[in-house]
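Undergrad: In case you want the letters, here they are:
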Amino acid sequence: MAVLEIQDLTHYFGGLCALSGFSLELSPGELAGLIGPNGAGKTTVFNLITGVYRPTGGSIRFLGEEITAWPSHQITAAGIARTFQNIRLFREMSVLDNVRLGAFARHDYSLWEALCRRGRFRAEERRWREEALALLKRLNLTRYAHTPARNLPYGEQRRLEIARALISRPRLLLLDEPAAGMNDAEAEALMALIREIQADFNLTILLIEHQMRVVMGLCRRITVLDFGVTIAAGSPEEIRRHPRVLEAYLGREEPLVAEGGGSRP
Amino acid sequence: MSHAHPFLRRLILPAGLLALAWALPASGLLNPYVVLVCMYVGINMILTLSLNLVNGYMGEFSVGHAGFMAVGAYAASVLTVWVVPASLAPWLFPAVLLAGGAAAALSGLVVAFPSFRTRGDYLAIVTLAFNMIVKSALENLEVLGGPRGFLGMPRLTTLPWVAAFVLLTLVLCRNLVYSNVGRGVVAIREDEVAAALTSVDTRRVKLYAFLVSAFLAGVAGGLYAHVLQFINPRSFSILKSTDMLVMVYLGGVGSLLGSLLGATLFTVLLEVLRPLGLWRWVVGPLLLVLLMIFRPQGLMGFRDPRWLREADDLPPEGFQAAQRG
Numbered sequence: 001m002a003v004l005e006i007q008d009l010t011h012y013f014g015g016l017c018a019l020s021g022f023s024l025e026l027s028p029g030e031l032a033g034l035i036g037p038n039g040a041g042k043t044t045v046f047n048l049i050t051g052v053y054r055p056t057g058g059s060i061r062f063l064g065e066e067i068t069a070w071p072s073h074q075i076t077a078a079g080i081a082r083t084f085q086n087i088r089l090f091r092e093m094s095v096l097d098n099v100r101l102g103a104f105a106r107h108d109y110s111l112w113e114a115l116c117r118r119g120r121f122r123a124e125e126r127r128w129r130e131e132a133l134a135l136l137k138r139l140n141l142t143r144y145a146h147t148p149a150r151n152l153p154y155g156e157q158r159r160l161e162i163a164r165a166l167i168s169r170p171r172l173l174l175l176d177e178p179a180a181g182m183n184d185a186e187a188e189a190l191m192a193l194i195r196e197i198q199a200d201f202n203l204t205i206l207l208i209e210h211q212m213r214v215v216m217g218l219c220r221r222i223t224v225l226d227f228g229v230t231i232a233a234g235s236p237e238e239i240r241r242h243p244r245v246l247e248a249y250l251g252r253e254e255p256l257v258a259e260g261g262g263s264r265p
Numbered sequence: 001m002s003h004a005h006p007f008l009r010r011l012i013l014p015a016g017l018l019a020l021a022w023a024l025p026a027s028g029l030l031n032p033y034v035v036l037v038c039m040y041v042g043i044n045m046i047l048t049l050s051l052n053l054v055n056g057y058m059g060e061f062s063v064g065h066a067g068f069m070a071v072g073a074y075a076a077s078v079l080t081v082w083v084v085p086a087s088l089a090p091w092l093f094p095a096v097l098l099a100g101g102a103a104a105a106l107s108g109l110v111v112a113f114p115s116f117r118t119r120g121d122y123l124a125i126v127t128l129a130f131n132m133i134v135k136s137a138l139e140n141l142e143v144l145g146g147p148r149g150f151l152g153m154p155r156l157t158t159l160p161w162v163a164a165f166v167l168l169t170l171v172l173c174r175n176l177v178y179s180n181v182g183r184g185v186v187a188i189r190e191d192e193v194a195a196a197l198t199s200v201d202t203r204r205v206k207l208y209a210f211l212v213s214a215f216l217a218g219v220a221g222g223l224y225a226h227v228l229q230f231i232n233p234r235s236f237s238i239l240k241s242t243d244m245l246v247m248v249y250l251g252g253v254g255s256l257l258g259s260l261l262g263a264t265l266f267t268v269l270l271e272v273l274r275p276l277g278l279w280r281w282v283v284g285p286l287l288l289v290l291l292m293i294f295r296p297q298g299l300m301g302f303r304d305p306r307w308l309r310e311a312d313d314l315p316p317e318g319f320q321a322a323q324r325g
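Residue numbers (my numbering), protein chains in the order written: chain A, 1 to 265; chain B, 1 to 325.
Extracted from the complex, chain B is given alone in its bound form (with noise of 0.2 Å):
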């Protein structure tokens, strides 16, 4: 094992949960609901670490993911109904979800924008205005089903896909923070006036992020368009950016492993308060309370295990960050 080429050694990991993200489904040792919560968690962990790239690295306030997922999910559902041959479909997938990021990105542009202009609330009320815009125009256009919604999508997402894209998120996500963007990404964070002042091109830096991010909230909508096969512009609601936010808080913001963690968490919860039937929508809002007032940075914040970040960067082994007095 030890004397395998790093590259294929970081390969077995998920190699391995590919594998068994395939065979469990497959074995029928779970039940077809057990399987459905694994494949939303598995969304919202893309969801969680794309609104974390701008609410957690970044430092500002998006509340309006949702706006960005349903670009994704839609843009996907009309290629895989009107577009793409039914027969195609399974193999065309994954391209399918790539479109869909690709839209979900463009529409990135939209808050990206203004975001060279403005900032923190002021910027928070132009990625609201943005998801409302967004469901409006869902609403009102007639050829994508209007209010009711737009059907007929084969039910394309499996386990395998959707394990392969938060694998795909992860690796995407770490390899931007720990890089030269991404420090700029953070520096926007920490004092944006001295970002600007050390050679970061905060405009451009704003725009990757934005774009980043958008793209992944996209993909998260074409892989939920294809779980539930039926899609309306409510499921795109502020409630939904809301779920996101919940999901970011919790897990940690600026945290990639806080991330998974906070999605995990935040979906099986709302699974297990299934049977307090409209209460549960009380404990999304009542926990992000309840974490700003008593563990605003989550339960990871700005951290992650040394496995995740860049080798060479890492302190060395027991290294103490030396505390002031």
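Only chain A is shown next, with the shape it has when bound in the complex (with noise of 0.2 Å):
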């Protein structure tokens, strides 16, 4: 069964048309990629997935279940996760408590259990800082566990918010240009630690990138959007060599003369 299942979604904002007629599906363990120009509408499909936004048409199914009305907290603990184009973590909370804020829906107490101290609130909490601190181990961030997240380098702050979004254990991880900003070598890097995530928590990803580079090494297919339009999908081969994909990113050659004396577009 298809991890996730798009089907013609449409979205407007206002009079505007971000996104129409998109469709994608997503088989387990698959590695897809998700690129086009700036205001392409690749972060409005990110989130139409977590309910950020509600689709003005079409359908979102994930696991086969229709997801599409569904609130955000509950796409998420659902098992579809997600980080940030522009880094959103919680600034003045603890790396620790970022990360575990990222099981706030595992967390299997009561607010009376909270606030007498009581049942099963001690376990939870065990269960859940140990859980944090073994994916902060994982991802190397284990010395800034009590740091403000305001605080981390831009790299790792990048990696903290992975962390957040794999303690979940979610089936599905949305990636918005986890490369942005960072240099070859730290891209190199990054490659290499979704290429690990991505086999070691079993996981689909759908992956929004401009570094060509990050998305041509790790994607085996890739859709491309223009101006909200699926114009392209395939390997990424097919992609690098697609004309309206050229086009949409270099712009189309003119003829020098414009033929007949037309005005030019």
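Do not take every clue at face value.
To be verified - Taking lysine to aspartate or glutamate pairs in the DMTMM-like style, the calculated list, with each CA pair at most 20 Å apart, reads: (1) A:K137 to B:D313; (2) A:K137 to A:D200; (3) A:K137 to A:E196; (4) A:K137 to B:D312; (5) A:K137 to A:E156; (6) A:K137 to A:E186.
Simulated from the structure, these hints should not be mistaken for laboratory data.
Put the two chains together into one complex, using the hints given.
TA: In structure tokens, the structure reads:
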């Protein structure tokens, strides 16, 4: 069964069509890419999948279940985790607390048990604290555990976002430009990390990325958006040579003398 | 000492405080005026902790907490005057206070539900409206004395009761703040969208925060009514809410110890300035303005001493948070 099935997804901001007729199917263990020029609607796709926006039309199914109208927290709890284009950490909170928040919905105790420190409280807190610390160790962030997230260097903040996404053991991970602002060496390390966690956590990953080297190196299937429309889909080789992709990224080659003296578009 | 059971050790300090709260007034060493001020300090501590949950930890801006306090005060007063037999009143007093808190918590729903859809300035206006609605409703309820107020409560609030409820409030707030729910509350302050996208059920968390906060404000209202033995709607005006804001922002947003400090400093300051007469009402707002300009996070902003925090989550002793650059 497909992990994610998106059918004919359409979204309007007022009169502006941000996404039209977008379809995508991800099978388990796949690592797919979503690319396109700025403003093509890539992040809108993520926001629609995770319930930040309610789509104007179309449907999203996750593990066979229709999640189109679900609230964000429920979608995340069901197993879709994501990171953000502009890092969105809980800046004043410690790194440990940031990671544990990723498992908010998995903490199994009531308000009453928290207020009285009774029942399942201690065991659950210990369980998720240990889980979070193990994950921090895995991502080489242990020494920052008690540091406020805002004090972390940029690359570590990106890794922390991934840790926060992973603690809930999602089935589908959405990465929104994870390599943004990274140099070649850092991007290389990130690619290795993404491959590693994909194998270890048995993840299906959908990735938005501007650095072509990263997308082409990681993804075996790429979808290209331009002005909300899917203009191409296929393997990296196909995408690299696809005329409409080249056009969207590099512009069209205009004949020097317009035919018939017509006006330029 | 060090071999005592940790649970027993944790009881030593609160038990000592309670004993002190009982012994000091009984010994006659403190004059009744000082005891009265101490009770006000305690009541204000509860109010400040309550407001800090919403304004400090959750980052919303409630300016109508006096409304919750009014609901608690009137509910508790009605119970002691009309329902509870006079002979039983001293024994049932804690139950009466809790009932007042429960009534206030129920009224907290009025603010909690709008908070699902709106935030920031707009939610502040909702809380302001709530305060005004409660006040004018009480002014128009002739059964409760209307604008003349409600009286006849026995003087049940004593320093030990105040101390006990301050401790209870502090423990509840601490346990809430250092729990999964508390982390959700702070996450809403930091980034509500990101919170929802990390599986925080923001509605449930907001509901919890408003319920607990309103409950505590209601308990404080009950204590207050049974010190004064007379309440009227004007005691719960916006001015009262402003006082609470000053205490929160003076002591420190997002800090438990800061709440206690802020309540103490502000209450004592107002008493010291009593000779100034009307002018002392200028002090509160002026203090708020100066604080906002020079130290918006308050004395203790976003910090608490180790002994107040969850022991298992503490950084190792002497840990220095890594600084950037």
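Undergrad: Failing hints, ascending?
TA: none
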